[in-house]
Amino acid sequence: MRIAVAIPCYKVTRHVLGVIAAIGPAVERIYAVDDACPDGSGKFIEEYNHDERVRVLYHPKNRGVGGAVVTAYQAALADDMDIVVKIDGDGQMNPALIPHFVRAIVQGKADYTKGNRFFRPESLKGMPPIRLFGNAALSFINKLSTGYWPIMDPTNGYTAIHTAVLRELPLDKLERRYFFESDMLYHLSIIRAVVHDVPMDAVYADEESNLKVSRVLPEFMLKHVQRFFKRYVYVYLVRDFNLGSLYSLFGALLSTASPVFGAVQWAHSAATGQPASSGTVMLAALPLLIGIQCLIAFLHHDVSSVPTEPLAGDLDAR
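The sequence shown begins at 774 in this note's numbering and counts up one residue at a time.
Please keep in mind that the hints were generated in silico from the structure rather than gathered at the bench.
Keep in mind the model is a prediction, meaning the values are calculated, not measured.
Treat the hints loosely; a few may be bogus.
Unchecked claim - As a list, the in silico BS3-like pairs of lysine-lysine whose alpha-carbon atoms are at most 30 Å apart:
#1 K996 / K946
#2 K882 / K1003
#3 K946 / K1003
#4 K816 / K834
#5 K898 / K784
#6 K834 / K996
The task is simple: from the sequences and hints, build the whole structure.
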């Protein structure tokens, strides 16, 4: 397969040449995207790089990491590449791992692979505590919003994707900033692509990250909630209506109606001075318990519905 590498370039002049030099011969094309870098990353690469595989692309205005990756994706599609691997240019992603990221795609076991720094405890030694907490919280809510329950570390930007699947994604609608990786998972879940985690270590070079977990965590949470409801409506109400749909609807109805009924009865008892009967208490509590059980059954159904059949082979055959 023809393998390409996408490298978003923004203030990475100290490391990007070393990253390019470490990319093995299995890679046919390297797209370095100068995202309106104030340090002139693109010109710097053109002047000092001697790797003929490198093609520098320029943005007149900064579009964020997602915008840079989308530009590289579009170039790879135009050049008929088969797999596109995305790595950062700051030295925090080891290019030697590229064969591990493309292996499952080449073998037809996955459509998209991504790095997972949580796979081994030893991999987390270099991760700051605030990042560890933020990534753990985002990993859980990402499972809800995308339906990829086995996947961890959603903000990890070391990824690889089959271009047959890439063509099915609405590239113009993808998030352009730091939510890009999570948004990719959401859109992949809509088309039921198979995603695999690839174990890797957390590496922090002397580059200062522009991602501040304390600032983006509330924004990420809101976007994940929005995508959960979008996915739910499309997957469980529009595209299909199944047992999980029934569990969720009855669960939401009973879990909402029961507390409302209980609150009304409590207010009535407080106003009249008459205690509620045991039957009234049971009528308020039992639907709530059943509703919670229905919601748990819905989550169980969602977990068991994770895609397992890769799309790339069928898409290539069309």
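**Study point:** Index of numbered hints that the structure contradicts, given in increasing order
**Key:** Of the numbered hints, all hold.
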